[in-house]
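Protein chains in written order, with UniProt numbering: chain A, 1 to 176; chain B, 1 to 455; chain C, 1 to 340.
Worth double-checking, as some hints may not be accurate.
To be verified - Listed next, the in silico DSSO-like pairs over lysine-lysine satisfying Cα-Cα at most 27 Å (straight line): (1) B/47 x A/156; (2) C/2 x C/67; (3) A/3 x C/67; (4) A/7 x A/31; (5) C/95 x A/33; (6) A/176 x A/32; (7) B/191 x C/56; (8) A/170 x B/71; (9) B/71 x A/31; (10) A/156 x B/248; (11) B/433 x A/33; (12) B/248 x B/9; (13) B/184 x B/132; (14) A/31 x B/132; (15) B/191 x C/91; (16) C/138 x B/191; (17) B/132 x A/158; (18) B/70 x A/31; (19) B/149 x B/32; (20) A/31 x B/191; (21) A/87 x B/70; (22) B/184 x A/31; (23) B/74 x A/58; (24) C/41 x B/184; (25) A/156 x A/170; (26) A/33 x B/74; (27) C/215 x B/191; (28) A/176 x A/58; (29) B/433 x C/138; (30) A/32 x B/191; (31) A/87 x A/156; (32) C/227 x C/243; (33) C/41 x C/243; (34) C/291 x C/260; (35) B/4 x B/16; (36) B/149 x B/132; (37) C/215 x C/227; (38) A/31 x B/74.
By construction, these hints were calculated from the structure, which means they are not laboratory data.
The residues making up each chain are set out below.
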Amino acid sequence: MEKSHIKQEIHMTEALMNRINELISHYPADKKKSALLPVLHEVQDAHDNWLSVELQNKVAEILEIKPIEVYEVVTFYTMFNQRPIGKYMFEFCQTSPCCQRGVEDLMDYTCEKLGVKVGEPTPDGQFEVRGVECLGACGYAPMMQLGDFYQEHLTKEKIDQLIADCKDGKITLHDK
Amino acid sequence: MGRKILLDKINVPGIKTYEVYRREGGYASVEKALKTLTPDEVTEEVKTSGLRGRGGAGFPVGMKWSFIDKKSGKPRHLVCNADESEPGTFKDRFLMEYIPHLLIEGMITSSYALGANLSYIYIRGEYMWVYKILERAIAEARAAGWLGKNILGTGYDLDLYVQIGGGAYICGEETALIESLEGKRGNPRLKPPFPAISGLWQNPTVVNNVESIASVPWIVNNSGAEYAAIGIGRSTGTKLISASGNIKNPGVYEIELGLSVYEFMNSDEYLGGMQTDRPLKALVPGGSSVPILPAHLIYKTAAGEDRLMTYESLSDGGFATGSMLGSGGFIVYDDRACIVRNTWNFSRFYHHESCGQCTPCREGTGWLEKVLWRIENGQGREEDIELLWSIQSKIEGNTICPLGDAASWPVAAAIRHFKEEFEYHIRFPEKVKNRDHFVAEPFEKVKHLVAKETV
Amino acid sequence: MKVTIDGQEIEVAPGTTILQAARMIGGESVPPAMCYYSKLKGTGGKCRCCLVDVTKGSEADPRPMPKLVASCVTGCQDGMEVASTSSARVKEARKSVTEFLLINHPLDCPICDQAGECDLQNLSFEHGKSETRFIEEKRTFAPENIGDKIQLHMNRCILCQRCVKVAEELTDDRVHGVLNRGDHAQISTYIAAAIENDFSGNMIDVCPVGALTDKTFRFKSRVWFNKPFNAHRTCTTPGCCGKTTLWMFGNEIQRVTARKDEYHEVEGFICNTCRFDKKEVADWTIEGPRKFEKDSVINQNNYTRKLDKVVINTEKGILEGRDIDRKKISMAKIPLDNNK
Numbered sequence: 001m002e003k004s005h006i007k008q009e010i011h012m013t014e015a016l017m018n019r020i021n022e023l024i025s026h027y028p029a030d031k032k033k034s035a036l037l038p039v040l041h042e043v044q045d046a047h048d049n050w051l052s053v054e055l056q057n058k059v060a061e062i063l064e065i066k067p068i069e070v071y072e073v074v075t076f077y078t079m080f081n082q083r084p085i086g087k088y089m090f091e092f093c094q095t096s097p098c099c100q101r102g103v104e105d106l107m108d109y110t111c112e113k114l115g116v117k118v119g120e121p122t123p124d125g126q127f128e129v130r131g132v133e134c135l136g137a138c139g140y141a142p143m144m145q146l147g148d149f150y151q152e153h154l155t156k157e158k159i160d161q162l163i164a165d166c167k168d169g170k171i172t173l174h175d176k
Numbered sequence: 001m002g003r004k005i006l007l008d009k010i011n012v013p014g015i016k017t018y019e020v021y022r023r024e025g026g027y028a029s030v031e032k033a034l035k036t037l038t039p040d041e042v043t044e045e046v047k048t049s050g051l052r053g054r055g056g057a058g059f060p061v062g063m064k065w066s067f068i069d070k071k072s073g074k075p076r077h078l079v080c081n082a083d084e085s086e087p088g089t090f091k092d093r094f095l096m097e098y099i100p101h102l103l104i105e106g107m108i109t110s111s112y113a114l115g116a117n118l119s120y121i122y123i124r125g126e127y128m129w130v131y132k133i134l135e136r137a138i139a140e141a142r143a144a145g146w147l148g149k150n151i152l153g154t155g156y157d158l159d160l161y162v163q164i165g166g167g168a169y170i171c172g173e174e175t176a177l178i179e180s181l182e183g184k185r186g187n188p189r190l191k192p193p194f195p196a197i198s199g200l201w202q203n204p205t206v207v208n209n210v211e212s213i214a215s216v217p218w219i220v221n222n223s224g225a226e227y228a229a230i231g232i233g234r235s236t237g238t239k240l241i242s243a244s245g246n247i248k249n250p251g252v253y254e255i256e257l258g259l260s261v262y263e264f265m266n267s268d269e270y271l272g273g274m275q276t277d278r279p280l281k282a283l284v285p286g287g288s289s290v291p292i293l294p295a296h297l298i299y300k301t302a303a304g305e306d307r308l309m310t311y312e313s314l315s316d317g318g319f320a321t322g323s324m325l326g327s328g329g330f331i332v333y334d335d336r337a338c339i340v341r342n343t344w345n346f347s348r349f350y351h352h353e354s355c356g357q358c359t360p361c362r363e364g365t366g367w368l369e370k371v372l373w374r375i376e377n378g379q380g381r382e383e384d385i386e387l388l389w390s391i392q393s394k395i396e397g398n399t400i401c402p403l404g405d406a407a408s409w410p411v412a413a414a415i416r417h418f419k420e421e422f423e424y425h426i427r428f429p430e431k432v433k434n435r436d437h438f439v440a441e442p443f444e445k446v447k448h449l450v451a452k453e454t455v
Numbered sequence: 001m002k003v004t005i006d007g008q009e010i011e012v013a014p015g016t017t018i019l020q021a022a023r024m025i026g027g028e029s030v031p032p033a034m035c036y037y038s039k040l041k042g043t044g045g046k047c048r049c050c051l052v053d054v055t056k057g058s059e060a061d062p063r064p065m066p067k068l069v070a071s072c073v074t075g076c077q078d079g080m081e082v083a084s085t086s087s088a089r090v091k092e093a094r095k096s097v098t099e100f101l102l103i104n105h106p107l108d109c110p111i112c113d114q115a116g117e118c119d120l121q122n123l124s125f126e127h128g129k130s131e132t133r134f135i136e137e138k139r140t141f142a143p144e145n146i147g148d149k150i151q152l153h154m155n156r157c158i159l160c161q162r163c164v165k166v167a168e169e170l171t172d173d174r175v176h177g178v179l180n181r182g183d184h185a186q187i188s189t190y191i192a193a194a195i196e197n198d199f200s201g202n203m204i205d206v207c208p209v210g211a212l213t214d215k216t217f218r219f220k221s222r223v224w225f226n227k228p229f230n231a232h233r234t235c236t237t238p239g240c241c242g243k244t245t246l247w248m249f250g251n252e253i254q255r256v257t258a259r260k261d262e263y264h265e266v267e268g269f270i271c272n273t274c275r276f277d278k279k280e281v282a283d284w285t286i287e288g289p290r291k292f293e294k295d296s297v298i299n300q301n302n303y304t305r306k307l308d309k310v311v312i313n314t315e316k317g318i319l320e321g322r323d324i325d326r327k328k329i330s331m332a333k334i335p336l337d338n339n340k
């Protein structure tokens, strides 16, 4: 299991709880579990983009389901992180159409520039590079996902700029 | 210029917003349907239109609607499949991002036809910003009275929500999507029962692709017969094509079904020809799972007829010499592409996306990937080609859902049409050491080596 | 309703699946089932071992079904005709599934407690090949401790999910499930918790392979060296049938399991007290020896049947070898020629 033993501070703020309750209201009263995926996204976004066991247990409690039902879902879907990840996660699409447009070279370039290997965050926890499967942006290749948004038609220059913008705090990760 | 049904207003400034969309005639189909048509009459129009499911399978939409169980008296649901994840396909995102109200309008009109009072749009998790766009658009529509109780004073109630996925291609399979919508792992269900009888929360449910639902407003406004007048034979109407790969103008295009592949590829209105002066090598016309076509079978069928952008023409010749329209994910490869590497890439995708529920897919997709990886990296054996063929044939048809088939077809087609390239990798491992081995020396230039070296 | 399987006709009630109908007929036509379990709701359809060819859909709609179907989850229709062992396609599919199930399996039968009563062994015996085409590295999982009663060997698991259904249907606090996906999907508690409830031991009995075995029996004996007896006790655990099979070595009860039928399904579920805590002969009323189907490995050592002396019909004395050969392989103590 990939899960981490790092302690995670849990803050179920009022704003977060309001959003969770709104999401729950989208389903019939006896189908609270249906809200699991959207709730996990919200909770993860509010907790440095990862879900500790404790946080998953908290979600189970809110949705009145067994903790194992949450673990089963968290480990099935790729967007839920079970360990702390780099704050700026460069998720490059590495499926065929992006490869045709040179994404592999760009990934190598980015890793070299950041001094990391794929899947390993920088020591300061600021950056991480990952290869992911098709993101549905094949016509705008090569591309990557950064937070909630896509960065498309990438070039080395664009990567340089993005890294600089991240360092300067100019990049918005979530659309809230 | 081909006729535009979905994208005719796409360039109107502000069409993303409710005000502009409404001013341009938006939501007219809801008014027409709710005030002047019975639900069955709407279904009939869609049947007449000949509209086929745009997610890939091509099943007639109206017929699918007519299967929904209205007798049991259980609540019914319409679920829009916006889990677009088939490599090469990005058309639904385009619609939702730039003209979100078209989908919402389609959802209302279609839900009315099905008698659904609670409907969902299930969107893939990675399209997070589009999810937010849709949430805001739904709020606008609700505020304007198109959703909620007693819509337009007709007594029809509808609640519509967007549900976000978590990153899993398999959730594009309709029963896996339903499971995911219920807050579970995206494991496809065993069928029967089909969703039309027992779907979301065991209620009768119809799952339709974004593009299918977005086509409904035009059909209701202009009649099914007029829609059916566009296109050729059983390929009626227009289709969004997502074009990518080594072409001049990648992007999303709306075409009238029946356009020739040649024109689509080469005219400036569409793809504008190849990206560079490197020649066309292969085409995947309908998303990664459909068979890849070699250059000589792209513009002409094996029978020598023009290949057209229709369900029928693209599949002409069966899997031996044809392919499929699928989801319209049109991926073009020039001669820098390595078919072995590309097939490995697709296999890695299906291996990564297999849910793991049933044996042939869980075990077979990983096996395919590993063998292909060895061949691509110069560690292939002569018997591996036969092995790959055997593995894919043992997966195909034996799995719970179509992912097994989707993983098998690309491998089978690559071996069928590009066997010599596999042999080249196996016999000349030192020549394929770098991943860009065909960039400097395309296969056509080294092909003769394979012929000389017989085993 | 009338249904025909491999040419054998049978009357079945509506709602009967093809597999159930085949079991009613019995014999060779019964498809193998690695994930379906008639006593657990919602099992079946996953392993694909029981695929059959429906050559005629029904009297009303005689069209054949285009794909092979999982017989355990496909209902019979009146007039349906099914080919099981009579279909080359079905045989090929079963071979394929068997191969897929084995490519990543550790094949560690010599040290597996399930050996001798393993459905995967039986399936391989029937549908497997003696050589492998898989030269890649096998998938492995990190070990996970799920308590002191049950041993989890994820590397052997075929993901039938029966154990998950046991937890779901016999208890109200399921703590394990299927985690991760694809070929990394695994049975786990995620937090390495012990699976402890009154009925957790039934996970062992329903497991078709050696993925879940009895820790209290671990490495004690090969199952075929045990003598099985039917026994019962008055059990106070609600839901426990108290009827078991005791696996004995001399007077020692080495293992307690539920009683299993010819398809290796339990006749009734038993509680952990009966299974793990009652290992004294005095705890039980012993009914007598338990019989097994003829093909069982266990049966080869079954004392309930008198074994005849094996007679090999061959040339007289050939088993002793020719004189000349015996001399060639003789050792120093037996001189080759007498002149020396």
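We went through each hint and held it up to the structure:
no., hint, result
1, B/47 x A/156, "violated, 50 Å"
2, C/2 x C/67, "holds, 22 Å"
3, A/3 x C/67, "violated, 40 Å"
4, A/7 x A/31, "violated, 31 Å"
5, C/95 x A/33, "violated, 40 Å"
6, A/176 x A/32, "holds, 23 Å"
7, B/191 x C/56, "holds, 18 Å"
8, A/170 x B/71, "violated, 57 Å"
9, B/71 x A/31, "holds, 23 Å"
10, A/156 x B/248, "holds, 20 Å"
11, B/433 x A/33, "violated, 50 Å"
12, B/248 x B/9, "holds, 24 Å"
13, B/184 x B/132, "holds, 22 Å"
14, A/31 x B/132, "holds, 23 Å"
15, B/191 x C/91, "holds, 23 Å"
16, C/138 x B/191, "violated, 32 Å"
17, B/132 x A/158, "holds, 26 Å"
18, B/70 x A/31, "holds, 22 Å"
19, B/149 x B/32, "holds, 18 Å"
20, A/31 x B/191, "holds, 23 Å"
21, A/87 x B/70, "violated, 50 Å"
22, B/184 x A/31, "holds, 12 Å"
23, B/74 x A/58, "violated, 33 Å"
24, C/41 x B/184, "holds, 18 Å"
25, A/156 x A/170, "holds, 19 Å"
26, A/33 x B/74, "holds, 20 Å"
27, C/215 x B/191, "violated, 38 Å"
28, A/176 x A/58, "holds, 22 Å"
29, B/433 x C/138, "holds, 25 Å"
30, A/32 x B/191, "holds, 25 Å"
31, A/87 x A/156, "holds, 21 Å"
32, C/227 x C/243, "holds, 17 Å"
33, C/41 x C/243, "holds, 22 Å"
34, C/291 x C/260, "holds, 10 Å"
35, B/4 x B/16, "holds, 18 Å"
36, B/149 x B/132, "holds, 23 Å"
37, C/215 x C/227, "holds, 19 Å"
38, A/31 x B/74, "holds, 16 Å"
Going down the numbered hints, you'll see the structure goes against 1, 3, 4, 5, 8, 11, 16, 21, 23 and 27, while the others check out.
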